[in-house]
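Protein chains in written order, with my numbering: chain G, 51 to 372; chain W, 213 to 454.
Calculated from the structure, these hints are not laboratory results. Owing to the predicted nature of the structure, the values given are computational and were not obtained by experimental measurement. Careful, some of the hints might be misleading.
Claimed, not checked - Derived pair list, reagent style SDA-like, types lysine to any residue, alpha-carbon separation capped at 20 Å: (1) G/K184 / W/R370; (2) G/K335 / G/P293; (3) W/K439 / W/G394; (4) G/K184 / W/K284; (5) G/K357 / W/E274; (6) G/K194 / W/P409; (7) W/K240 / W/S290; (8) G/K349 / W/N272; (9) G/K349 / W/R255; (10) G/K194 / W/K441; (11) G/K184 / W/P374; (12) W/K252 / W/S290; (13) W/K252 / G/F70; (14) G/K186 / W/A391; (15) G/K357 / W/S392; (16) G/K186 / W/P393; (17) G/K335 / G/G269; (18) W/K284 / G/R345; (19) G/K186 / W/N272; (20) G/K186 / W/A375; (21) G/K194 / W/S392; (22) W/K300 / W/C447; (23) G/K184 / W/T371; (24) G/K184 / W/G277; (25) G/K184 / W/S413; (26) G/K349 / W/P409; (27) G/K186 / W/S413; (28) G/K184 / W/P369; (29) G/K186 / W/G277; (30) G/K184 / W/D410; (31) G/K184 / W/L390; (32) G/K359 / W/R370; (33) G/K184 / W/G394; (34) G/K186 / W/K441; (35) G/K184 / W/R255.
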Amino acid sequence: MGIKIISPGLLTTVQDLGRFGYMDSGFSPCGAMDSFSAKLANILVDNSEYDGVLEMTMLGITAQFDEDNIIAITGAGFEPKINGITVPMNTAVRINAGDILDCGPAKTGCRGYLSVAGGFDIPLVMGSMSTNLKCKIGGYQGRKLVAGDVIPLRYPQDRLYAMERRKIDMKTSCDSIKTIHVILGPQDDYFSDMGKETFFSEIYKVTAESDRMGIKLDGAPVGAVNGVDIISDGIALGSVQIPSSGKPIIMMADRQTTGGYAKIATVITSDIPLLAQMRPGDALKFEAVDMEYARNRIKADIRILNKLKDDIIRTDTLLRYV
Amino acid sequence: MKDVVFLPVGDSAISVEFGRNIDSKINKRIRSLSDSLRFKPVRGVTECVPTFRSLLVCYNPEQTGYDTLVRKLKKRLSSIGDTNTNTKRVFHIPVCYGGEFGEDIGFVSSHTGLSENEIIDLHTGRDYLIFMLGFLPGFAYLGDMDSRLFTPRLSNPRTSIPAGSVGIGGEQTGIYPLASPGGWQLIGRTPVRPYDPDRESPILYAAGDYVRFFAVCREEYDIIESKVKDGSYICNITETTE
Numbered sequence: 051m052g053i054k055i056i057s058p059g060l061l062t063t064v065q066d067l068g069r070f071g072y073m074d075s076g077f078s079p080c081g082a083m084d085s086f087s088a089k090l091a092n093i094l095v096d097n098s099e100y101d102g103v104l105e106m107t108m109l110g111i112t113a114q115f116d117e118d119n120i121i122a123i124t125g126a127g128f129e130p131k132i133n134g135i136t137v138p139m140n141t142a143v144r145i146n147a148g149d150i151l152d153c154g155p156a157k158t159g160c161r162g163y164l165s166v167a168g169g170f171d172i173p174l175v176m177g178s179m180s181t182n183l184k185c186k187i188g189g190y191q192g193r194k195l196v197a198g199d200v201i202p203l204r205y206p207q208d209r210l211y212a213m214e215r216r217k218i219d220m221k222t223s224c225d226s227i228k229t230i231h232v233i234l235g236p237q238d239d240y241f242s243d244m245g246k247e248t249f250f251s252e253i254y255k256v257t258a259e260s261d262r263m264g265i266k267l268d269g270a271p272v273g274a275v276n277g278v279d280i281i282s283d284g285i286a287l288g289s290v291q292i293p294s295s296g297k298p299i300i301m302m303a304d305r306q307t308t309g310g311y312a313k314i315a316t317v318i319t320s321d322i323p324l325l326a327q328m329r330p331g332d333a334l335k336f337e338a339v340d341m342e343y344a345r346n347r348i349k350a351d352i353r354i355l356n357k358l359k360d361d362i363i364r365t366d367t368l369l370r371y372v
Numbered sequence: 213m214k215d216v217v218f219l220p221v222g223d224s225a226i227s228v229e230f231g232r233n234i235d236s237k238i239n240k241r242i243r244s245l246s247d248s249l250r251f252k253p254v255r256g257v258t259e260c261v262p263t264f265r266s267l268l269v270c271y272n273p274e275q276t277g278y279d280t281l282v283r284k285l286k287k288r289l290s291s292i293g294d295t296n297t298n299t300k301r302v303f304h305i306p307v308c309y310g311g312e313f314g315e316d317i318g319f320v321s322s323h324t325g326l327s328e329n330e331i332i333d334l335h336t337g338r339d340y341l342i343f344m345l346g347f348l349p350g351f352a353y354l355g356d357m358d359s360r361l362f363t364p365r366l367s368n369p370r371t372s373i374p375a376g377s378v379g380i381g382g383e384q385t386g387i388y389p390l391a392s393p394g395g396w397q398l399i400g401r402t403p404v405r406p407y408d409p410d411r412e413s414p415i416l417y418a419a420g421d422y423v424r425f426f427a428v429c430r431e432e433y434d435i436i437e438s439k440v441k442d443g444s445y446i447c448n449i450t451e452t453t454e
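Modelling step: build the complete structure from the supplied sequences, incorporating the hints.
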């Protein structure tokens with residue numbers, strides 16, 4: 051009972067919103083890189099936002115379902131097909147027993163999220179389904195999926211109410227240079243005025259060494275006043291480390307919990323999904339914002355998710371299905 | 213409390229800095245705040261990461277904000293004072309020094325001018341405070357190694373070091389909890405697993421505990437290792453009141 055992986059894609063792992071409370075023992079939180087899209091995928095099929103999804107990187111899975119179910123795919127611009135027929139993204143879609151889902155390559159973006167109504171039957175490790183690749187724990191046997199794996203499903207649903215409204219239009223920005231908003235600090239005083247000027251005026255490119263641990267950038271080196279070594283401290287999601295090369299590294303879901311490089315700034319929570327969707331070669335620039343800007347962006351994100359929930363459960367829905 | 217500095221780390225974390233240098237007293241104050249937040253949680257706080265001289269407090273920005281949390285942390289700091297216990301918990305860790313497990317002990321010996329036995333005596337001769345855990349699950353940053361043992365890291369880090377390896381890197385010493393790349397000089401190996409995902413508590417010790425190494429021969433190593441594997445080995449822990 052489950053979905054059988056025919057082709058696993060480049061890097062497909064089970065992720066939820068993360069494994070929290072163990073950073074003080076050295077465990078990265080892990081979790082979906084683009085948590086907004088992961089939440090969206092779950093809401094579309096009536097799961098908890100905290101439920102596990104499959105995170106697919108650049109190339110998606112091909113898999114056969116052995117039971118009727120409802121699925122949704124969000125995030126990067128995949129063109130998924132069921133038995134060869136294209137199905138929409140960001141929409142709850144019916145899939146029948148025996149059907150083959152082929153997600154194919156992402157045309158835009160980097161990471162896609164597949165949810166199944168009723169959820170994946172993945173045991174919690176330290177409170178989370180997220181795969182921790184370094185420690186080989188969580189997710190499906192602590193590793194990325196390979197051909198032949200059968201991912202068990204919890205309570206497959208062959209129908210959900212209001213199917214016609216389980217969809218959302220996601221506007222994707224067409225800017226060739228993405229703006230990433232940051233809050234200065236905690237160690238911005240390690241950098242010269244010129245260094246900060248460089249950081250905020252230059253364009254940086256995502257390198258191929260970027261992964262779930264960090265987005266490594268190439269571009270003008272950021273100058274420090276007196277070296278970038280600090281007494282090791284904790285690293286938050288989105289921390290922008292400047293190593294001795296001067297080229298920024300943005301710390302992501304699988305980051306080391308502690309580190310000894312100065313952090314010039316921290317990417318705001320709402321821009322992490324944008325970073326998660328960037329591919330090698332994509333360009334970005336940093337812009338400083340204040341806490342209030344960050345708070346308003348979070349409110350806007352919550353509004354989008356709540357509106358989708360409200361759209362699905364409307365009064366007429368309830369009338370019709372009572 | 214006046215010397216405590218609060219710094220925003222984006223919109224989802226706060227760095228609470230207690231001092232500028234590595235100091236066991238500062239470290240202890242950090243842990244009392246961290247323990248307090250663990251046992252009496254504050255709304256929205258998802259993680260506390262105690263490090264040498266600061267505490268990273270991560271929060272869910274949908275549940276709380278910077279100003280609210282700084283206010284609550286200040287209040288908490290003034291209420292906990294120095295009420296933390298003074299119990300010293302020491303984990304006694306067996307190490308098989310030299311030979312195939314400690315292939316760099318010869319280099320450490322030539323660098324420091326100490327014999328292998330002197331290295332072992334110095335390395336096992338004191339309790340090391342665990343200042344923090346990080347880098348890898350269960351990786352303990354140990355403080356105050358005897359300065360006579362200081363040895364620079366390898367110029368070419370190894371791509372894989374077996375779990376349990378005990379090494380010296382500059383002024384630090386420690387145990388690799390997982391097989392991992394690394395640049396420390398390897399002087400021995402312990403059969404004890406600081407991190408074991410199948411154990412009831414996967415991480416053996418916490419920041420604030422102490423580690424004391426003791427030397428075992430290869431036969432003892434093998435016996436302990438087989439006990440660790442079948443789950444019957446119990447690490448010797450002593451508790452004293454300071």
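Task: Which numbered hints fail - done: 3, 4, 10, 15, 19, 24, 26, 29, 32, 35
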